[in-house]
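What follows is each chain in one-letter form.
Protein chains: 2
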Amino acid sequence: MKINLRIKISQVFLLLFACTHLTAQQRKPIVSPQINADNTVTFRLLTKLATKVEVKGTWMPVNMPSSPMVKEDSVWTYTTGKLDADMYRYTFLLDGVEILDPANSWVERAGVRHENILITGGDRTNEYAVKDVPHGSLSKVWYPSPTLHMKRRMYVYTPPGYLENNNKYPVLYLLHGAGGDENSWTALGRAVSILDNLIAEGKAKEMIVVMTNGNPWQAASPNEEPVNPDAEKPNTASMGSMRFENSLVADVIPFIEKRYRTYTDKNNRAILGFSMGGLQTQHITNANPNLFAYIGVMSMGLMDNDRMGTTYNKEEHSQQIKALSKASPKLYWIGIGKDDFLYSSVVNLRKRYDDEGLKYEYFESTGAHTWSNWSLYLDMLAPRLFK
Amino acid sequence: MKINLRIKISQVFLLLFACTHLTAQQRKPIVSPQINADNTVTFRLLTKLATKVEVKGTWMPVNMPSSPMVKEDSVWTYTTGKLDADMYRYTFLLDGVEILDPANSWVERAGVRHENILITGGDRTNEYAVKDVPHGSLSKVWYPSPTLHMKRRMYVYTPPGYLENNNKYPVLYLLHGAGGDENSWTALGRAVSILDNLIAEGKAKEMIVVMTNGNPWQAASPNEEPVNPDAEKPNTASMGSMRFENSLVADVIPFIEKRYRTYTDKNNRAILGFSMGGLQTQHITNANPNLFAYIGVMSMGLMDNDRMGTTYNKEEHSQQIKALSKASPKLYWIGIGKDDFLYSSVVNLRKRYDDEGLKYEYFESTGAHTWSNWSLYLDMLAPRLFK
Numbered sequence: 002m003k004i005n006l007r008i009k010i011s012q013v014f015l016l017l018f019a020c021t022h023l024t025a026q027q028r029k030p031i032v033s034p035q036i037n038a039d040n041t042v043t044f045r046l047l048t049k050l051a052t053k054v055e056v057k058g059t060w061m062p063v064n065m066p067s068s069p070m071v072k073e074d075s076v077w078t079y080t081t082g083k084l085d086a087d088m089y090r091y092t093f094l095l096d097g098v099e100i101l102d103p104a105n106s107w108v109e110r111a112g113v114r115h116e117n118i119l120i121t122g123g124d125r126t127n128e129y130a131v132k133d134v135p136h137g138s139l140s141k142v143w144y145p146s147p148t149l150h151m152k153r154r155m156y157v158y159t160p161p162g163y164l165e166n167n168n169k170y171p172v173l174y175l176l177h178g179a180g181g182d183e184n185s186w187t188a189l190g191r192a193v194s195i196l197d198n199l200i201a202e203g204k205a206k207e208m209i210v211v212m213t214n215g216n217p218w219q220a221a222s223p224n225e226e227p228v229n230p231d232a233e234k235p236n237t238a239s240m241g242s243m244r245f246e247n248s249l250v251a252d253v254i255p256f257i258e259k260r261y262r263t264y265t266d267k268n269n270r271a272i273l274g275f276s277m278g279g280l281q282t283q284h285i286t287n288a289n290p291n292l293f294a295y296i297g298v299m300s301m302g303l304m305d306n307d308r309m310g311t312t313y314n315k316e317e318h319s320q321q322i323k324a325l326s327k328a329s330p331k332l333y334w335i336g337i338g339k340d341d342f343l344y345s346s347v348v349n350l351r352k353r354y355d356d357e358g359l360k361y362e363y364f365e366s367t368g369a370h371t372w373s374n375w376s377l378y379l380d381m382l383a384p385r386l387f388k
Numbered sequence: 002m003k004i005n006l007r008i009k010i011s012q013v014f015l016l017l018f019a020c021t022h023l024t025a026q027q028r029k030p031i032v033s034p035q036i037n038a039d040n041t042v043t044f045r046l047l048t049k050l051a052t053k054v055e056v057k058g059t060w061m062p063v064n065m066p067s068s069p070m071v072k073e074d075s076v077w078t079y080t081t082g083k084l085d086a087d088m089y090r091y092t093f094l095l096d097g098v099e100i101l102d103p104a105n106s107w108v109e110r111a112g113v114r115h116e117n118i119l120i121t122g123g124d125r126t127n128e129y130a131v132k133d134v135p136h137g138s139l140s141k142v143w144y145p146s147p148t149l150h151m152k153r154r155m156y157v158y159t160p161p162g163y164l165e166n167n168n169k170y171p172v173l174y175l176l177h178g179a180g181g182d183e184n185s186w187t188a189l190g191r192a193v194s195i196l197d198n199l200i201a202e203g204k205a206k207e208m209i210v211v212m213t214n215g216n217p218w219q220a221a222s223p224n225e226e227p228v229n230p231d232a233e234k235p236n237t238a239s240m241g242s243m244r245f246e247n248s249l250v251a252d253v254i255p256f257i258e259k260r261y262r263t264y265t266d267k268n269n270r271a272i273l274g275f276s277m278g279g280l281q282t283q284h285i286t287n288a289n290p291n292l293f294a295y296i297g298v299m300s301m302g303l304m305d306n307d308r309m310g311t312t313y314n315k316e317e318h319s320q321q322i323k324a325l326s327k328a329s330p331k332l333y334w335i336g337i338g339k340d341d342f343l344y345s346s347v348v349n350l351r352k353r354y355d356d357e358g359l360k361y362e363y364f365e366s367t368g369a370h371t372w373s374n375w376s377l378y379l380d381m382l383a384p385r386l387f388k
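These protein sequences, in sequence, are chains F and R. Start counting at 1 in the first sequence, then tack on 1, and there's your number in this note's numbering. Start counting at 1 in the second sequence, then tack on 1, and there's your number in this note's numbering.
Keep in mind that the hints were calculated from the coordinates and are not lab data. These numbers come from a predicted model, not from an experiment. Worth double-checking, as some hints may not be accurate.
Claimed, not checked - Just a few of them, taken from the derived set where beta-carbon distance is under 10 angstroms, the chain F residues facing chain R:
{"id": "1", "residue": "PHE93"}
{"id": "2", "residue": "PRO103"}
{"id": "3", "residue": "VAL113"}
{"id": "4", "residue": "LYS132"}
{"id": "5", "residue": "PRO135"}
{"id": "6", "residue": "ASN229"}
Here a beta-carbon is modelled for each residue, glycine too, at the ideal position from N, C-alpha and C.
Turn these sequences into a full structure, and let the hints guide you.
See the structure below:
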């Protein structure tokens, strides 16, 4: 194509740029976060008026108070101790109000909150980065859910090549935890980068990944679902009601297998979930022992019914475990961090499976009930699927 | 499916919920923003320590100072005058630091900044809402760009039914302005809701909408492109260089027409762009007069070359306009707000087209160089396409 119109245009756009908002870091030489050579990280906030500035991040234990930042020449600063390579989320507290770091444009949504993202380098986070490799597509897709009487939304990852060929693919269903939604695995779990990178390296098979919304009262994530004053309010009771679990089996899987080019046998279906999603994974595979050949239960075990005041039909559960054992899944994986508050529930789940004779693989990581572990588990498990 | 495992689970999830972060508005009875019956809007922020709190929003003229909020019992409050029905973006200034409203979970990214979203009701914003209608899918898709020597990303909207049938569709290419990227039209322009709603009402034809990244130095939006220390830095000069324009013609259109079910004639291609994207729309259609039957130039006219110090080959431009006129596009639309800082450039563009005999339709709205106008123009123009 010949370029006929030769407008030397740079100054025009200087004007246009001036009319868009400029960011704080473009106006000020504030760098935050700054990853230092000794693996500490320095955070900075410029404000003359504030009386108190703190930082709170996921490198800190859950109940630890936020760390005070120190003021010098109107710049408030805090430097962490040495941090392991990981993806962290953090916010500042400015005069008691939780705010984002104005110098960091990387923000993700965690439920109804927004947090800054910080990824420190090293082997542990090598698979989290967007690299110059073939990328899959990520689609926000609506599907009918007769089970829940709604149109509902999910995210669907199709691997590199899906648009270019006519191949069929296996499908991984990835379930999130309480407080999350269909955005969680991509925003906080780095699922797209992990899959892109593992596939590019030949470590994982090409697969479709389906990330559902596990809250049965919700059509889609906040502010993206239809406004409906009559909609059911979020409630904890509905989460354990099998309503989402039933909709995954009756609505989601048939939609995916009809609308995408998928294999449709159990050896080409996997399901992984953490926390609430780990319980849903148990529920779904207990009730449908021949649906998935690959099952991963992350950071969730058997409920402590005595402590929780819940009822539990041990005999029915035994029958389910026996049926699952007979179905011989190629992988039944259980993983949890040593410091997870649900650790003992996993001890109990393993004891039940041992008693009933269900074979499983057990992995114990460091750490607690965190995205750091769930990303790690996905990175470990994706290469094991469909082989 | 029979439900065999009957765990009364609600209390379990109360514990799980307690372990997730709770939002400020869940802890406190702060409502913000609150749309009042008289069409004013009240903003609130709870903080005991702050010395100064202000609000800044897109209902205010560009150069207007932020509005001070007033403190009463630790709650800082500001109520606007009557606001027209519109989608607004706003932030607070807390002791001089730009922050998000902790009580409003609706946040979108505008370039490298994040802002809260507020949509006031009424006819004007009726098409912006997510409604209980069939929804199209929105996909983040990577494509090869030999022209720009990169893998690049775009957003592709496929209309309701695309996954269910084998129909072919016409394609609308939507271009954004300086400071934006492939996320802008969906995050700030409500493109998905506008298309979903117009299609559901039978006002617009089903179409694929392609939203590109118009910055030729950028593979994808911030924090979603590969880390590349050698990458070209953002620069204004490259924006008018025809590099993006050439890549749209050579890379994007062939990819879309090969990988999606599209019609491939000019009567089934439309291009609309605003500001920088309006200039790119002119460049692309000037150089390729037979590519698009529907052309919309929003909030951008002819450069004031004397003032900007740019060069301009009037004779070549004349030849291009004549060729375009001969190609007889079904619609050549020019729109701008009365208060737009580029208003005179549109006066000049119209004069050139009048002098050269190119037929166009002109629409003048109220308002300035704003998303309010670009969403309005899309809502007006989408029903005119492919008919």
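**Message:** Tell me if the interface restraint on VAL113 (chain F) is satisfied: Cβ within less than 10 angstroms of some Cβ in chain R.
**Reply:** Holds, about 4 angstroms.
**Message:** Interface hint check: PHE93 (chain F), Cβ to nearest Cβ on chain R, cutoff 10 angstroms. Holds or violated?
**Reply:** With a closest approach of 9 angstroms, the PHE93 (chain F) hint holds.
**Prompt:** Holds or violated: is there a CB of chain R closer than 10 angstroms to the CB of PRO135 (chain F)?
**Reply:** Holds - the Cβ of PRO135 (chain F) comes within 10 angstroms of chain R, reaching about 8 angstroms at its closest.
**Request:** Mind checking the CB of LYS132 (chain F) against every CB in chain R and telling me if the closest is under 10 angstroms?
**Result:** Since the shortest Cβ distance to chain R is 5 angstroms, the answer is holds.
**Message:** Just to be careful: measuring from the Cβ of ASN229 (chain F) to every Cβ in chain R, is the smallest value less than 10 angstroms?
**Reply:** holds, 7 angstroms
**Request:** Hold the hint about PRO103 (chain F) up to the distance rule: shortest CB distance to chain R must be less than 10 angstroms.
**Result:** Holds, about 6 angstroms.
In summary, this structure violates none of the numbered hints.
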